[in-house]
Amino acid sequence: MSSIAIHQPAALAVQQSAHALELRDLRKSFGKTEIIRGANLAVNAGERVAIIGPNGAGKSTLFNLISGRFEPSSGEVLLHGQRIDGKKPFEINRMGLSRSFQITNIFPKLSVFENLRCSVLWSLGYRYSFWRFLSNLHDANERANELMEMIGLHRKRDTLAVNLTYAEQRALEIGITIGGGASVILLDEPTAGMSNSETAHFIQLIKKVTEGKTLLTVEHDMGVVFGLADKIAVVVYGEVIAYDTPEAVRANARVQEAYLGSSVADQQAGAH
Amino acid sequence: MSSIAKTSMNSSAADKARSQGHYRFKPLNIGRILVWGLFALALVVAPLIFTSSLALTMLSQIGYLIIICLSYNILLGQGGMLSFGHAVYTGLGSFLAIHAMNKAAAGEMAIPLVLIPVVGGLAGMFFAALFGYVTTKKSGTTFAMITMGLGELVASMALMFPEFFGGEGGITTDRVYSKFFGLDFGSGLQVYYLIAVYCFVCTAAMFAFTGTPLGRMLNAVRDNPERVEFVGYNTQRVRYFAFIIAGFFAGIGGGLTAINFEIITAMDSVSVVRSGGYLLFTFLGGATFFFGPIIGAVLLVLASVLLSELTKAWLLYLGLVFLLMVMYAPGGVASLIMMNLRVAKFGHFKRLLMPYLGILAAGIVTVIGAASLIEMIYHMQLNAALGPKVPFMGTELDTSAAATWTVAIVVFVVGLGLLEGVRRLTARRWGRIQEAIEESIKKGEG
Numbered sequence: 001m002s003s004i005a006i007h008q009p010a011a012l013a014v015q016q017s018a019h020a021l022e023l024r025d026l027r028k029s030f031g032k033t034e035i036i037r038g039a040n041l042a043v044n045a046g047e048r049v050a051i052i053g054p055n056g057a058g059k060s061t062l063f064n065l066i067s068g069r070f071e072p073s074s075g076e077v078l079l080h081g082q083r084i085d086g087k088k089p090f091e092i093n094r095m096g097l098s099r100s101f102q103i104t105n106i107f108p109k110l111s112v113f114e115n116l117r118c119s120v121l122w123s124l125g126y127r128y129s130f131w132r133f134l135s136n137l138h139d140a141n142e143r144a145n146e147l148m149e150m151i152g153l154h155r156k157r158d159t160l161a162v163n164l165t166y167a168e169q170r171a172l173e174i175g176i177t178i179g180g181g182a183s184v185i186l187l188d189e190p191t192a193g194m195s196n197s198e199t200a201h202f203i204q205l206i207k208k209v210t211e212g213k214t215l216l217t218v219e220h221d222m223g224v225v226f227g228l229a230d231k232i233a234v235v236v237y238g239e240v241i242a243y244d245t246p247e248a249v250r251a252n253a254r255v256q257e258a259y260l261g262s263s264v265a266d267q268q269a270g271a272h
Numbered sequence: 273m274s275s276i277a278k279t280s281m282n283s284s285a286a287d288k289a290r291s292q293g294h295y296r297f298k299p300l301n302i303g304r305i306l307v308w309g310l311f312a313l314a315l316v317v318a319p320l321i322f323t324s325s326l327a328l329t330m331l332s333q334i335g336y337l338i339i340i341c342l343s344y345n346i347l348l349g350q351g352g353m354l355s356f357g358h359a360v361y362t363g364l365g366s367f368l369a370i371h372a373m374n375k376a377a378a379g380e381m382a383i384p385l386v387l388i389p390v391v392g393g394l395a396g397m398f399f400a401a402l403f404g405y406v407t408t409k410k411s412g413t414t415f416a417m418i419t420m421g422l423g424e425l426v427a428s429m430a431l432m433f434p435e436f437f438g439g440e441g442g443i444t445t446d447r448v449y450s451k452f453f454g455l456d457f458g459s460g461l462q463v464y465y466l467i468a469v470y471c472f473v474c475t476a477a478m479f480a481f482t483g484t485p486l487g488r489m490l491n492a493v494r495d496n497p498e499r500v501e502f503v504g505y506n507t508q509r510v511r512y513f514a515f516i517i518a519g520f521f522a523g524i525g526g527g528l529t530a531i532n533f534e535i536i537t538a539m540d541s542v543s544v545v546r547s548g549g550y551l552l553f554t555f556l557g558g559a560t561f562f563f564g565p566i567i568g569a570v571l572l573v574l575a576s577v578l579l580s581e582l583t584k585a586w587l588l589y590l591g592l593v594f595l596l597m598v599m600y601a602p603g604g605v606a607s608l609i610m611m612n613l614r615v616a617k618f619g620h621f622k623r624l625l626m627p628y629l630g631i632l633a634a635g636i637v638t639v640i641g642a643a644s645l646i647e648m649i650y651h652m653q654l655n656a657a658l659g660p661k662v663p664f665m666g667t668e669l670d671t672s673a674a675a676t677w678t679v680a681i682v683v684f685v686v687g688l689g690l691l692e693g694v695r696r697l698t699a700r701r702w703g704r705i706q707e708a709i710e711e712s713i714k715k716g717e718g
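Residue numbers (the numbering used here), protein chains in the order written: chain A, 1 to 272; chain B, 273 to 718.
Simulated from the structure, these hints should not be mistaken for laboratory data. None of the hints are false.
Pair ranges (Cβ atoms, derived):
no., chain 1, residue 1, chain 2, residue 2, range
1, B, VAL473, A, VAL162, 30 to 36 Å
2, A, ARG132, B, GLY548, 34 to 40 Å
3, B, PHE433, A, ARG132, 39 to 45 Å
4, A, GLU198, B, VAL685, 53 to 59 Å
5, B, TYR628, A, SER197, 42 to 48 Å
6, A, LYS207, B, GLU710, 31 to 37 Å
7, A, ILE103, B, GLY441, 53 to 59 Å
Restricting the straight-line Cα-Cα distance to at most 27 Å, the calculated cross-link-like pairs of lysine-lysine (DSSO-like) are:
no., chain 1, residue 1, chain 2, residue 2
8, B, LYS409, A, LYS87
9, B, LYS714, B, LYS617
10, B, LYS410, A, LYS88
11, A, LYS213, A, LYS87
12, A, LYS87, B, LYS410
13, B, LYS617, B, LYS715
14, A, LYS231, A, LYS207
15, B, LYS617, A, LYS109
16, A, LYS87, A, LYS32
17, A, LYS109, B, LYS714
18, B, LYS409, A, LYS88
19, B, LYS715, A, LYS109
20, B, LYS410, A, LYS109
21, A, LYS88, A, LYS32
22, A, LYS109, B, LYS409
Cβ coordinates follow ideal geometry from the N, Cα and C atoms, glycine included.
If we strip away everything but chain B, and leave its shape as in the complex, we get (with noise of 0.2 Å):
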């Protein structure tokens, strides 16, 4: 987590400064000021650049799963807690928030809608002192499946209080019925200013929590429980208060939701499944770096709506994707360009350049040849009545030729060979950068 500070400030001067005085707070820390001045830039002019109503969709929609992935990563990156629920503290807060918006609609409390998404943190949080209170008592597997348990719980109870839940139409609400300064929020993009400054605000709470006591030591608590509870710690408190804090910041994401559809069905937003979608773009984007998860809410709209726009198939290459990084690359994208960035600060990244454009050449022919095949068996079975022929990356394949099929095959095959091939070719050179680096560190020291 202190490795945002630890890249962003000139190496050097950290060493120097780390001999004396060196845990004092530098509140004037250049490198830090700079990354959340971009991270704010970017919030503010990303619908400058991106105009269309589906970018401004996306965009959104980053913005609230931003603290939807950074507040599930308080329990998996930062706590170790495997949950598979998560989607019962941004779903409730998701209700919470549309039932207090139709009730300050119907003017029997005023709530400005500024204020709604709070209403939903206040609700996951209420939730996750409840529910957490039984999970957090265990950790590893008994706290993942205690966590699914309740997830279904929540999900089947949906049923049962269709007045709360709306059965399965869901409920609906109009987030028009307030002014704000000039403010009805009924564009889009007064919505999206809305969730971006619950993002920025959100991001840096959640970052600074990370930086104190309870962050620390839940942080110990990942690495060795056991040991927390000999330096005078509960680790099933600890746990516990963390989990509140994710419940909250998970709530205010459900807020945001909810204004931002204007309609939440419990089918989908409390269930495990979105649980899961929460769960695997954390990981994906990455879990032991602070802003891996900014990287996964971005791809998690990007595969759900763009994705899922191009392809019939999305959930199988979602599928692929997933376990190609959790056996290469389990650290997620962020320990990608983390560990690349390591590589370029002690100037190996040259030697890497080469290897990089073979991989991405020999995936390019893998993709290609295998997403023929997918393409082609998934239309034969889902869209046969539609003739044989697919299209397929601005041309056309014929499902009923031979040909087509040996092609893609062999194009599948080859790519595969070439790709293994590169890719031992790379592990190779990466080692002995990673070698000539602990050279040169050690030098540093001696």
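Isolated chain A (complex conformation) (with noise of 0.2 Å):
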């Protein structure tokens, strides 16, 4: 993963300087609805973060704003010190942001070896060319099959994507994810739908995939949240209002009182 580069130069020299991603004051209205108002985040290079919050706090429309699906209403997106809000999604993703969905959003009637293919074309530099034959791109081959063995499909090389089951849908969601080599992935819900077992070892290969890289995910269940986030931003009616460490974020007393409340407390004595 990391012989690929695909940062501007100019993005890596401010990097030392910038967060790997931030957020500042963003909004977003639907009509007279204002779904996120005012979030603020500063995410180091590097880290873990899980985004928390009640049903319809906005985690998914934060998501959709940092990745060009929708354009904020007001406010800014930087990626290591680079605006991109407003920009298209595949301006963000060529700047080294990509992300997953909710819902399962893959090539259904592609091969799950074409779908993580079609993943790294862009970031290889193939771009639009039709003076190549993809059999001959062997650095592009050879990182699908990398893909491919890192989330456990290599068996499932030729089966098109709509025939998986669900739970390998999601791991080739994940695949597809971070095929570009970006360097801050954005997860959304990435074990919804899962048996325990599935979401344990789920949790697993994501820890994997995204070894150094920075790491967004909203997630709704706890002991994911605790085993795998260094930092936990807790999203209520579209605002950031605590991100810090899982320990201080769980004593954090706004914390409790507008989201964990005791269910969390009582998730957590049952767990232990």
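Since each chain comes alone in its own frame, lean on the hints to assemble the complex.
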């Protein structure tokens, strides 16, 4: 993975001084309803951040704003110190940010291998070329194979994505997300709909494939949150009300009042 | 698209190859060489087997329609773009080709006839780059509507620019204006071989396209345009570039049309009806497989030349066939073939033999019943002055006798009943066979 350099030189230069990802007073309204109401967040490079919050708090919307799916109403999003708000998803992706989706979002009629190969082509510089054969692109093919091994789907190489099991599709989703070698990864509820044993396995997978990267993940399962994250961002009513280490967040009175309440304390008690 | 290669490979050898270095390019792929060799051979020997002048005309038409339908399938099958305006690019290719021929004949330009299709191709590419810039900004229904609007626009322009489009009479030319290694292309056979060479080269080029980064990303855009944006690709660009490439091949087909007919009229060649024909037959042939449109092109010529000779109601029959295909075999003829090959590969085809014969028999009864009714109704509406008798499959039907109608209706209804019965039986057996195949695949994996 380290062989893939996706940043512009300019982005590299500012990377030292800037956060990997920063939100500054980010706002988004749909009609008259303001969903994101001045979110602020600064994520350091290499950190794993879990974003938690009650249903409808705007976690997914936040991801959509960062990744360019929606355009913010106001505020700034900075990736390695460069503004990306208002840019198109593919532009943001080329700058080194990649995301997965809550509802599986893959290429159903392509094989596992083709799905992964599609995810690496741009970052390897093959762009829109129609004068080269895919079968001759050894770096792309090797990278796709590497990814396939990494997500444990190498035995399903030629299976169409639509014919995979749900858990396999989720793994493929992760594979496509990390394929381009982005340094900032956004995972939207990666373990949604999985059984407990699948979830445990999947967390290991996520840890493995996002090694050395900056990770933001929306997660409902508190066991996962505390197991995976270096820091937790709590989103309530479109604002980041707390952003700190898991211990500090758990102790945070405002968080307990607004969101965690007693339910998490119970969950934690039950888990230990 | 890879299915051609997949089925032509020996399956167990392929499985072994898959586990090690499977993505390496294999230039000496025997299966692929065989398929392409047979295709070339078919193009070469076809006019030697079917020697009548009607057959030669049909073969020539099949040749360039293969190019056109394949180019259309770059949009429909590979890119998920339902275009209602493909005839714009074939038609404008034809017009520029025919003007180039006239200029060359007048000595104003030095273009040998063998390069005229390239002129058509460049024209198609130019207009695809021009119009496609607008159409490919959108996808789905919006794309379809815009292509249709553009189709109408160009068709109506034909009357506004009679110098270019030749008004209602069209533009004529004489293709015999230069020699190329002793060939003057006066005879239909020489023209056929010119078309055949272009057909082979273009088919190979379009197949090659399916194996390139742009070709694969086009499939990804078809499957899930949103996700494509999140792996770094601009979906509009992907669609736009593919559209231009499709326009180029469409224009080559148009140029060959101009050479073949030596006359082009705007009413016909850029019309939305013509675009609809390309859509319909590409679909019938099968948009999900690369070779489907080739079958579609053959069907298009057979239907428009032979079926239209046979009966006045040919469009009605065509519509019924289209309807049935959409309902029962949405993958077209190509997918029917491929699905049955899969069954055969796993050794289950014998179990389908009887049901298929049953469908055939019941189908024949139904068709006889339906066709006799349709022919009688058409006769009463169009040819009543010729008397009550209709020639039908070697016999005569009497439209004035109640008995004829009764028998026709009974045959039709009985045939329909039989057909439905056999269809259900076949569907059940088909389902069981698919289950058995899934089982054996799972066993093979474990």
